[in-house]
Structures are given as structure tokens and as C-alpha cells.
Amino acid sequence: MLLHKINSQIAQTFRIFEKSCFHTSSPINEIQKQTRLRVVDNSIIGKQAMAEGKPPKCIHVYNKTGIGKIGDKVLVAIKGEKKKGILVGLKQNQKLKVPKFDSNNLVLIDDNGTPLGTRIHVPIPTILRTILKEKTQAKGADYTKLLGIASKFV
Amino acid sequence: MALIFNTFTRVLEEKMRLLSITSVNCKRNKMYPIPRLRNPTWLTRKERAPIDEQLTSENREFLKEFVQDKITESTERAKTIVTNKIQWTPKMQRTGVIAKKIGVYPLWKKNGDMICTTLLQVMDNHVIRYYPPENYESPRQLRPRVYNKKGCLLLGAEIGDPSTFTKEYCGLFQDSGVLPTKFLARFFVSNDAALPLGTNITAKHFQVGNYVDVRGKTTDRGFQGVMKRHGFKGMPASHGVTKTHRRGGNIGGGGEKGRVWPGTKMPGHMGNRFRVARGLKIWRINTKYNVLYVSGRAIPGETNSIVYVFDTKLPLKKPMKELPFPTYFESENDEIFEEDLFDDEIHIFSSPSITYNEK
Amino acid sequence: MFSLITKSRSVNDWNKISKTLIALSSQAAPIEKSVKTKDTIRKQILEYRHVYPEFLPDPKIEFRNSIREKLERSDMVARRMQIDIPEFYVGSILAVTSSDRHTPGKTQRFVGICIKREKCGLRASFILRNVIDHQGIEIMYNMYDPTLQKVEVLRLEKRLDDELLYLRDALPEYSTFDVNMDTEILPEGTPVPVNNIKVKLKPRPWLERWERKHLKGVQDLGLPERFYERAKELDTPWEKYDLMKEYMRTIPEEEQLEIYGEVQSELHKLELQRKKIRRKRVFVKPTKLA
Chain A
1265 MLLHKINSQI AQTFRIFEKS CFHTSSPINE IQKQTRLRVV DNSIIGKQAM AEGKPPKCIH
1325 VYNKTGIGKI GDKVLVAIKG EKKKGILVGL KQNQKLKVPK FDSNNLVLID DNGTPLGTRI
1385 HVPIPTILRT ILKEKTQAKG ADYTKLLGIA SKFV
Chain B
2 MALIFNTFTR VLEEKMRLLS ITSVNCKRNK MYPIPRLRNP TWLTRKERAP IDEQLTSENR
62 EFLKEFVQDK ITESTERAKT IVTNKIQWTP KMQRTGVIAK KIGVYPLWKK NGDMICTTLL
122 QVMDNHVIRY YPPENYESPR QLRPRVYNKK GCLLLGAEIG DPSTFTKEYC GLFQDSGVLP
182 TKFLARFFVS NDAALPLGTN ITAKHFQVGN YVDVRGKTTD RGFQGVMKRH GFKGMPASHG
242 VTKTHRRGGN IGGGGEKGRV WPGTKMPGHM GNRFRVARGL KIWRINTKYN VLYVSGRAIP
302 GETNSIVYVF DTKLPLKKPM KELPFPTYFE SENDEIFEED LFDDEIHIFS SPSITYNEK
Chain C
245 MFSLITKSRS VNDWNKISKT LIALSSQAAP IEKSVKTKDT IRKQILEYRH VYPEFLPDPK
305 IEFRNSIREK LERSDMVARR MQIDIPEFYV GSILAVTSSD RHTPGKTQRF VGICIKREKC
365 GLRASFILRN VIDHQGIEIM YNMYDPTLQK VEVLRLEKRL DDELLYLRDA LPEYSTFDVN
425 MDTEILPEGT PVPVNNIKVK LKPRPWLERW ERKHLKGVQD LGLPERFYER AKELDTPWEK
485 YDLMKEYMRT IPEEEQLEIY GEVQSELHKL ELQRKKIRRK RVFVKPTKLA
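Protein chains in written order, with my numbering: chain A, 1265 to 1418; chain B, 2 to 360; chain C, 245 to 534.
Note that these hints are calculated values from the structure, not bench results. C-beta atoms are modelled at their ideal positions from N, C-alpha and C, and glycine is treated no differently. Keep in mind that a hint or two might mislead.
[Unchecked claim] These stretches of chain C come out as covered by chain B in the derived footprint (C-beta under 8 Å, 3 or more residues): (1) 323-335; (2) 389-399.
[Claimed, not checked] Only part of the chain A face toward chain C is listed, based on derived beta-carbon distances under 10 Å: (3) N1357; (4) V1362; (5) P1387; (6) I1391; (7) R1393.
[To be verified] Dumping the calculated SDA-like pairs for lysine to any residue here, alpha-carbon to alpha-carbon at most 25 Å: (8) A/K1359 - C/A368; (9) B/K111 - C/R367; (10) A/K1359 - B/N112; (11) C/K350 - A/L1396; (12) C/K520 - C/L430; (13) A/K1416 - B/K111; (14) A/K1359 - C/P297; (15) C/K350 - B/N112; (16) A/K1416 - C/I376; (17) C/K394 - C/S369; (18) A/K1333 - C/N386; (19) B/K289 - B/Q225; (20) C/K394 - C/D426.
Use the sequences and the hints to build the structure in full.
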């Protein structure tokens, strides 16, 4: 009888945990390793991953802090493959006049900086024009190609 | 008999000389004697104990009027004081001023950047005293002695009610003809920068675009732990940690060095110390209210606290253009100042919005 | 004696303010010159605290300084002379046009609902929110930023709450607004309408525990009873009766009168200008038939 009671109690507490998934502090929404991202271009692999409900997971951020900021290059695990992408919109609080998005948006690119898709279906911030221009080296990858497939700027 | 007396006195003198403090110091450490701390001469007791003087209200009114008259008289006189202008060279040092930190607010640059500026209101500064280099004795005698000494200028700000100050304190102001002020400050100046007593120094002493140092007393935070005072990390909140969440942890090693080393960072009193913020740019000057807009918001002291502002000592931020030396005098040239002087980079609020042109 | 002097001074100030006010109001409405009592004038001035809340300084006593506040106010008015920053509230729909350094030679226009207004003085800012292409976007603007070219109020209204941050957790249709929306002009003299819309939130998890925030503009949250119980436990209903807290949090009415009395003439001028423009806009030229 007692055992049964304890068991039921434990089950109840577990149910609470499942439901609430509580956090005690307001989230800082940083992009680091293991963060789930949202692909916003129309590349086949990206579309499939989002449709399946298995959004890509960040496995590396190519900067010195390890925390992805707007315009940073990241390595993601998507459908069992490793792909590179550029962060084009963040949930985190931004500077004045820089838009803050409701999701962490990603555009997939290859090693030369060419986007895998042909269109980005959400607005992207104009600050990316300057950031991507700065990041593009003379002989390295040309990230500014991404700006060409954007549909809208905010 | 006389000879015996003479020898006796000589021996006594010798003994006395040995006993006196200075000689002991000299003997113990001839090269580096312990510096003797003496307060500067102007550091007398300021406030007087309030006495109920049993005055009638009429008499009190009369006294107030009298003081007011004196104040206007002295300020009028201060305006007339002028010295001849001297050509400024980079090695010369001007006086600083006493100012009040009155708050922080943003300005925008012409390229659209926002910068935070601290507002320092230059109070009604008056020259109280001047000590020429040969007369000024430093309160702390340091070795090796500093030759090529500078003169010392004593400034006062914010004229107060003379009846609240002590006699000695009021005595400081006798030569200058200025009424006793609430705040005093001393600034070392080169020989040519000596100002006549009673001179009034305003915000026009400084120029837009130049750099200044600001010395102030930091906010008193009382006895603080190691996390707030030195920015330690503390210890974990859980994982079996008990009673040591905000403690510093280890403070020293064992063995031969088994003691707490001097300078170890530990809890203690935080703030209420003089600190200098160096190399702050003047972005804007308001000549009506005598306000300097100085870059940065981390200037020591709370809002409404007293700070001392002087030309920067950083070698790379010395002014390029000529400065008004020894200070700016109203009558020397009748150049009409606008109320607000802006740096070239600053966007003026009454000019149209910023647009970016295509290159 | 001293107190008497100050009292008489404040009375003098008050007289001056009321005189200027009477003069100004008489310009607007010459009929009721004598009828206007002190009380109505007072109310008129105090109305400004809703329209221009950023003119009131931070009530924290450590940060106050009268000269700083005066300088700040004069700068704010100088900026307002250059750009028309109209009356708006949390819940109003704004369109902000700003010059963008990343696209030289062009301007950016963003339309959205104001979900928050904060800070005071030159640092005053507001957040706009909109959903564009099914993507929620928020932008924060400084009200006195000189790169702003134009601030338009497309729909002037209030909501039931002081902050609409819960729109982040609401269904997207509640924060979706047409980018090419036209300005809705209210007839002159009407009070600012209050939108009684009740927003439906998405299911949990949320960004904040909304059940603890005393929200009025939200539909039933549909949470288990224990959430409300906990919210009740943590609630501090006595705080609204705490006079000391109220005193520390607000700026006294006399000071507000002084502050708004100082900038009143300029603000009034700007308002008249705005009214003229609005009248022009209301009057539409009849188009030719056939």
C-alpha cells in the first residue's frame, strides 16, 4: 500500500517535470554548441530538416568567444551531415535599431560562401551588409553572396 | 668653575640633540628617513559649533544683507582682475578647477554614434592664495627631493555664510578679499601661471576637443566582501558547498612562505578614496551654466559630488592648439561666445536629422 | 522667515505659470477666459505627464540635479523642433523612418506596435514589434536619436496594460500589422481610445510567468490551480498602499508643474503646428467625376 503510494507520488512529480520544464532566470538566448537553429533559406536539406521537425544543431561557432553573434559563421549538424551556415537573426537582445527576432535564424552556405538555397523567406537585418563585407577576405570565402538572395531587409 | 659649567652644558646639548626625534631618524636611516606628515597650512578646522546668538530678526536680516552685499562686491571685483597674457608652450602647466559632477546624459556624433557624457559644472572658483616654489613646503618630504619645483595655487569654490566658519579658516581668505568658501583645492602650476588673488575661473578656461583629468572621491561602499571589492568569482551555489559561497578561499601557501603575503586581496573597506580618471575628452561646453560635457560615465564620485578637473597629464593627449594662459579673462578680447560650444564631431540638437550619403 | 520667502516664491511661480497658461489657452479658446479656474489649468498641465512622460526625470534622489535636468530638457525641445515626435502610447501603432548607415542614401521604414516605453530624458526609448513573413521582429529605438527621420502614429490607442511584452508569447496574429497601413485620423477633441482586446497566449513554455504579472489584456491562461496559488503567495498587494514607496517612485505634482511649465510654451507651439497639418490631411479635395 505504502509502496504504491510512493510510486504514484514519484510518477506525479515526474509528470510535473515533463510538463513544466521550468527555468529560474530569464534566458539569455545565447548561441553556443548544442543550440537548435532555424534554417530560413529554401535549400533542400534545410527544408527537409525543418519539415521533419529535426532542426539543425550548432556544433561549433567560428569565433573566439564561442558564442554566436549576428553574422557569425557556425558549423551545424543537419540530417546527419555537417554544414556551415551564417546566423542572420537572433533571439538575443540587440543593440539599438538592430532587429531582434523571435527565432535564431540560419542560412546554409558552402565553403566558398555560396548559399545552398536560392531564396531567404524571412527579412534579414541590414547590419549584415557591413558585417559580411568586413568578414569577407580578399582570397577567402565571399559571404556577401548571401545578401543577393535575401527577399527583404529590416 | 666656568669651564666645568661650559663642558656640562655642551654634554647636555649633545644629549638633547640625540634625544630629539629628527636626529634619531637621521641616525637610523640616513638615506631614506621616514617622511614626516604635516598637514598643509590651509587644513584648519572649518565648521564652527553653532551658537545661538539671540539676535532679533531685524538684525539677522541686516546680517544677511550685509553678507549678500559683500558677495556681490567680491564677485564684481573678481571680474575686473586681469593679468597680461603669456604665450603658452606645451611644458607649461595651468591651474585646474573645482567642479561638481551633476549627472550623465548621451550626445550623438555626426556619424550617428551615441556617446555617454558626464556633466561637470565648474563652480565659482576663486584664487585664494599663491605659494611661490621657494615658499611652498610639501606636507610630505620625499627623497630624492624634487628640484625644479612648481608653485602652488589654492582655489576656493562656493561662497558660504562666514558666520558658520571658524576664525582660522576665515583667516585664509584675508589676503584675497574673497569671502570664505566651502571647498578648497590646491593645484601645482608653473611659475608663469600664478594668478592674482581673487581671480574668477570659469568653464571657458577649458576648450572643446581638449582632454582633461578628473580627480574625485569614489562612492563609499563600506565594508565589502571579496566578490564586490575585487571581482572574485566566489564558489558554487551547490554541489556540496557549505557556508562558502561568496568567500575568497585560500589566502596563502604553506612551507617557507607560510603566511599571508602583503597585498593579498581580502575583504575590507571599499570606495571613499581619491581616484583619477585620465584623458577624458571635452565634447561640449555650456558657457551659461559653466558645464563641461566630458566623455565617459565612470567618473569617480556620486552625482552632486565635488571633483577636481585639470589639463591631462597623459603625454599623447596634450593639447595641440594654444591655450589661454594663465586662464581665460573675460575682458581680454570681446569675442562673443555662443551659449553652447560643440566639438566638430558632435551632432547639434538644433540641426536637422542625420542622413548617410552614398559614396 | 526663510520658509515664508520660499512659499511666496513658489506662489509667484505658480502665478506666472497660470498667467502664461491663461494667455495660451485664451489664444486657443477665447470664450472661456474667465471661467477657467486654477484647477482646470493645473489639470491641463498635468495632462502632459501622460503625453510626454520622458520629460519627468528619474525620481531616484541620488541622480537628481536641477541644472542637468534643465539642460537635458532644453536639448530635448531642440530636437523636437527638428522632428515631429507625436503623442503615442504603449499599444499604439507607429511607423519609424530612420536613415541607415548600412544602406547609404536610403531610409528604413519599420511599422509595428509599441510594446514598451522606458527611461527618461534624452535616453527615452521604445520597442516596436511586428510579424513580417511569419517572423516576429522587434526593434528598439531611442526617441531622441538624430538618425530618426520621421515618426508617424498610424493608429493612436491604448491597451489595458502598461507593457505588452506578452505579445512575444501570444499568437502571431495579435502582433501582425500591415506594413502599408494608412494613418487613422481621430476626430479632434476625442479622448485616446482604449483597445479592450484580450490576447490569446500560446501554450507554455513562456518567456515569463505571466500569471504573476496581473495582466488585463490576456484571455484565460488555462493553467492548473497551483500556478495561481503560487502567484497569490508571491503577490504583494499591500505595496500600493505603501506611501513611502509611492513617494520614492514618483515626482511630486508641484515639481511636475514646474517642469512642464518650463517647456510648455514650446510644446504648445509644436502641438498647434501638428493640429494644422492634421486639419489639412482631413480635408480631402473632391476628385473630378468622369
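Against the structure, the hints:
no., hint, verdict
1, 323-335, "holds (count 4)"
2, 389-399, "holds (count 5)"
3, N1357, "holds, 8 Å"
4, V1362, "holds, 7 Å"
5, P1387, "holds, 5 Å"
6, I1391, "holds, 6 Å"
7, R1393, "holds, 5 Å"
8, A/K1359 - C/A368, "holds, 15 Å"
9, B/K111 - C/R367, "holds, 17 Å"
10, A/K1359 - B/N112, "holds, 16 Å"
11, C/K350 - A/L1396, "holds, 19 Å"
12, C/K520 - C/L430, "holds, 14 Å"
13, A/K1416 - B/K111, "violated, 28 Å"
14, A/K1359 - C/P297, "holds, 23 Å"
15, C/K350 - B/N112, "holds, 15 Å"
16, A/K1416 - C/I376, "holds, 9 Å"
17, C/K394 - C/S369, "holds, 15 Å"
18, A/K1333 - C/N386, "holds, 22 Å"
19, B/K289 - B/Q225, "violated, 41 Å"
20, C/K394 - C/D426, "holds, 15 Å"
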